[in-house]
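A.B. asks: Take the sequences, apply the hints, and build the full model.
Number of protein chains: 2
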Amino acid sequence: MSSVCGRVLAEAIYATQPIPPADRALLDGFAVAASATIGAGSYNPLLLPLRVISAGDAMPPGTDAVIPLDLGQTQPPGVVECVEAVAPYENVEMQGCVAAPGALLASAGTLLSPAHIAMLINSGLASVMVVRRPLVRIVSAPGSSTPDSNGPMCRALVERDGGVVDDIVAAERTRQGIRRALETEGTDIVLVIGGTGPGAGDHAAAALAEAGDLAIHGIALRPGETAGLGHTRREVSVILLPGSPAPCFCAYEMLAGRAIRRLGGHDPATPYRPRVMRTARKIVSAIGMTEICPVRCTASDVVEPLPSFSEIGLMAAVAADGFVIVPEEREGYPQGAPVNVYLYEGSCIGG
Amino acid sequence: MSSVCGRVLAEAIYATQPIPPADRALLDGFAVAASATIGAGSYNPLLLPLRVISAGDAMPPGTDAVIPLDLGQTQPPGVVECVEAVAPYENVEMQGCVAAPGALLASAGTLLSPAHIAMLINSGLASVMVVRRPLVRIVSAPGSSTPDSNGPMCRALVERDGGVVDDIVAAERTRQGIRRALETEGTDIVLVIGGTGPGAGDHAAAALAEAGDLAIHGIALRPGETAGLGHTRREVSVILLPGSPAPCFCAYEMLAGRAIRRLGGHDPATPYRPRVMRTARKIVSAIGMTEICPVRCTASDVVEPLPSFSEIGLMAAVAADGFVIVPEEREGYPQGAPVNVYLYEGSCIGG
Numbered sequence: 001m002s003s004v005c006g007r008v009l010a011e012a013i014y015a016t017q018p019i020p021p022a023d024r025a026l027l028d029g030f031a032v033a034a035s036a037t038i039g040a041g042s043y044n045p046l047l048l049p050l051r052v053i054s055a056g057d058a059m060p061p062g063t064d065a066v067i068p069l070d071l072g073q074t075q076p077p078g079v080v081e082c083v084e085a086v087a088p089y090e091n092v093e094m095q096g097c098v099a100a101p102g103a104l105l106a107s108a109g110t111l112l113s114p115a116h117i118a119m120l121i122n123s124g125l126a127s128v129m130v131v132r133r134p135l136v137r138i139v140s141a142p143g144s145s146t147p148d149s150n151g152p153m154c155r156a157l158v159e160r161d162g163g164v165v166d167d168i169v170a171a172e173r174t175r176q177g178i179r180r181a182l183e184t185e186g187t188d189i190v191l192v193i194g195g196t197g198p199g200a201g202d203h204a205a206a207a208l209a210e211a212g213d214l215a216i217h218g219i220a221l222r223p224g225e226t227a228g229l230g231h232t233r234r235e236v237s238v239i240l241l242p243g244s245p246a247p248c249f250c251a252y253e254m255l256a257g258r259a260i261r262r263l264g265g266h267d268p269a270t271p272y273r274p275r276v277m278r279t280a281r282k283i284v285s286a287i288g289m290t291e292i293c294p295v296r297c298t299a300s301d302v303v304e305p306l307p308s309f310s311e312i313g314l315m316a317a318v319a320a321d322g323f324v325i326v327p328e329e330r331e332g333y334p335q336g337a338p339v340n341v342y343l344y345e346g347s348c349i350g351g
Numbered sequence: 001m002s003s004v005c006g007r008v009l010a011e012a013i014y015a016t017q018p019i020p021p022a023d024r025a026l027l028d029g030f031a032v033a034a035s036a037t038i039g040a041g042s043y044n045p046l047l048l049p050l051r052v053i054s055a056g057d058a059m060p061p062g063t064d065a066v067i068p069l070d071l072g073q074t075q076p077p078g079v080v081e082c083v084e085a086v087a088p089y090e091n092v093e094m095q096g097c098v099a100a101p102g103a104l105l106a107s108a109g110t111l112l113s114p115a116h117i118a119m120l121i122n123s124g125l126a127s128v129m130v131v132r133r134p135l136v137r138i139v140s141a142p143g144s145s146t147p148d149s150n151g152p153m154c155r156a157l158v159e160r161d162g163g164v165v166d167d168i169v170a171a172e173r174t175r176q177g178i179r180r181a182l183e184t185e186g187t188d189i190v191l192v193i194g195g196t197g198p199g200a201g202d203h204a205a206a207a208l209a210e211a212g213d214l215a216i217h218g219i220a221l222r223p224g225e226t227a228g229l230g231h232t233r234r235e236v237s238v239i240l241l242p243g244s245p246a247p248c249f250c251a252y253e254m255l256a257g258r259a260i261r262r263l264g265g266h267d268p269a270t271p272y273r274p275r276v277m278r279t280a281r282k283i284v285s286a287i288g289m290t291e292i293c294p295v296r297c298t299a300s301d302v303v304e305p306l307p308s309f310s311e312i313g314l315m316a317a318v319a320a321d322g323f324v325i326v327p328e329e330r331e332g333y334p335q336g337a338p339v340n341v342y343l344y345e346g347s348c349i350g351g
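Those protein sequences? They're chains A and B, same order as listed.
The numbers in our numbering rise by one with no breaks, and the one at position 81 of the first sequence is 81.
The numbers in our numbering rise by one with no breaks, and the one at position 58 of the second sequence is 58.
Just so you know, not all the hints are guaranteed correct.
Partner residues are not named here, just some residues of chain A that face chain B (Cβ under 8 Å, in silico) [said to hold, decoys possible]:
(1) 114
(2) 160
(3) 315
(4) 317
Pairwise CB distance ranges (calculated) [as the list claims (entries may be wrong)]:
(5) 262/A with 38/B: 50 to 56 Å
(6) 42/A with 300/B: 50 to 56 Å
(7) 22/B with 220/A: 26 to 32 Å
Just so you know, the hints here were simulated from the structure itself, not pulled from any lab data.
Being a predicted model, the structure only gives us computed values, none of them experimental.
The beta carbon of each residue, even a glycine, is placed where N, CA and C say it ideally should be.
C.D. replies: Now the structure itself:
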């Protein structure tokens with residue numbers, strides 16, 4: 001069952017038996033019948049049959065309370081000396097007190113944690129139904145002979161988002177080459193990387209239009225404006241990502257990540273934790289474009305803008321503690337303004 | 001390289017070449033010599049040699065600027081008509097502008113993200129040194145015949161914390177059985193689950209004392225007070241975890257998780273995000289014990305205490321949005337008091 005950690009429950013889980021299944025000792029000690037301890041005291045010790053019990057053990061028949069180990073004397077042999085009365089069910093976890101049969105243990109859509117796994121095993125389950133991980137094919141159509149960094153980056157991103165990469169396919173950067181790579185079955189989502197621009201060597205959009213439907217090409221997102229969306233004739237979703245590393249990264253985060261997380265039953269929202277902070281300097285952005293602006297934390301609630309993705313590429317993501325999304329209707333934010341920062345890690349100063 | 005995502009860099013990475021390695025086009029267009037465009041205008045169009053260039057391509061010799069695709073006319077064939085002068089390096093990413101040779105790209109201890117992977121590949125690296133994942137053996141000495149939920153739960157927790165479980169060993173719950181399971185090599189940490197209590201059937205502490213050194217047995221933590229720490233004669237760290245699921249979970253989180261994260265180069269602090277919130281009701285805790293109290297978020301900054309781990313076991317972790325750690329010197333917190341809540345997920349209301 002540990003393999004379902006991090007997966008999403010596809011079904012609601014109800015208790016099929018009471019939890020715990022029987023009255024159980026809450027601590028190590030001696031199982032007794034509470035009624036037999038009435039009147040016990042240090043001047044009136046009572047000798048009861050010795051029944052040693054460990055925490056978690058089912059209560060033996062005829063007993064309903066536990067005397068803690070350090071409160072019972074076991075001399076003479078075979079008996080326990082009781083010097084204090086105990087109430088019925090004292091130090092006992094009653095059958096069904098955690099959950100009655102039929103009680104909801106976990107609802108469909110629950111992200112399974114290590115504690116869920118133990119709880120499900122304890123409730124008698126050997127397996128559970130989880131949402132299938134989306135199968136993602138990465139089609140890389142690189143424009144140059146430099147080593148492909150987008151494929152490995154997108155594989156890591158897809159895995160972070162709960163998807164499975166079935167293959168990274170290197171396609172010839174022609175309309176036919178990319179279209180052939182799109183003629184695929186058994187995949188939920190295809191990411192085509194590269195060839196999305198307006199240049200003579202850019203064929204991703206035309207290839208998708210031929211292979212099915214190009215719904216969107218060009219979005220008001222910086223970096224990432226040449227990204228696109230559509231689907232093949234076999235209804236496989238296709239996302240076109242720019243071939244430059246920073247636009248590829250940002251378009252993945254804003255488009256592809258959401259689609260993969262949603263399909264896998266996860267929250268589609270960005271995995272980065274949002275937090276309102278103040279900007280130490282003016283953040284500049286072009287009106288009419290949604291812009292991803294990298295920032296660095298300089299104090300517990302202050303960020304400073306870094307050089308943009310278009311200036312320093314992916315180094316912006318690597319050097320930053322997070323980013324601010326400037327909406328298209330804004331030219332940026334003035335110095336000192338509150339901004340919503342999406343933090344890459346929980347490791348920000350004062351975090 | 002995508003396999004190093006989530007791993008910790010063991011070495012600092014410096015640029016061995018300038019990044020980018022050559023002057024590159026920032027967008028699709030026409031490569032020109034800026035000096036040849038001086039004087040160009042709509043009333044004085046200049047005809048320049050046609051050199052189509054795609055974003056990311058190296059600039060051809062003799063060129064130092066890019067005219068965007070939509071600003072150049074390509075009639076007659078073989079030339080581009082330039083109607084506006086461009087400055088040197090306009091729309092060009094200069095060699096080394098992101099990093100000069102010798103610049104620090106990532107320091108030792110960096111947690112590698114997808115963007116790091118692309119950045120490292122782009123800087124010409126085919127592999128990097130990462131911190132070895134701690135190898136963890138789980139020795140399960142269950143007290144009853146019910147299915148073992150602690151082993152799968154701890155495996156999921158170890159993997160969350162960056163460790164690798166080499167084996168889950170079911171040990172006979174005797175001093176000899178547990179001691180034999182501790183006679184192990186090639187493992188960094190052993191978790192012994194069960195048999196930590198004061199009962200007659202509890203042999204974990206005695207087995208560890210025989211196998212090496214029992215440094216601590218019994219800690220002022222609730223749940224989890226029978227946990228222990230020590231090491232074998234071969235200097236393998238051993239952590240004794242109680243056999244009841246909730247104490248096992250809490251002792252893992254407070255002791256074992258820290259040790260595994262630290263050994264793997266990760267931040268040893270709890271992976272749960274802390275946040276100051278107010279408690280809607282009194283939180284009660286015994287003085288002298290550090291207590292883990294499950295809570296549920298009821299508003300954006302308000303939590304409500306849930307029944308304790310000792311009342312409902314692991315269901316407390318499953319039902320809770322997080323927990324409050326009440327330090328040993330406190331009896332709890334009054335209604336309305338600010339408390340530091342460790343959130344299991346980022347999914348709290350308003351979170």
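A.B. asks: Now look at each hint and say whether the structure bears it out.
C.D. replies: Hint by hint, here is what the structure shows:
no. : hint                        : in the structure
1   : 114                         : holds (4 Å)
2   : 160                         : holds (7 Å)
3   : 315                         : holds (5 Å)
4   : 317                         : holds (4 Å)
5   : 262/A with 38/B: 50 to 56 Å : holds (53 Å)
6   : 42/A with 300/B: 50 to 56 Å : holds (54 Å)
7   : 22/B with 220/A: 26 to 32 Å : holds (31 Å)
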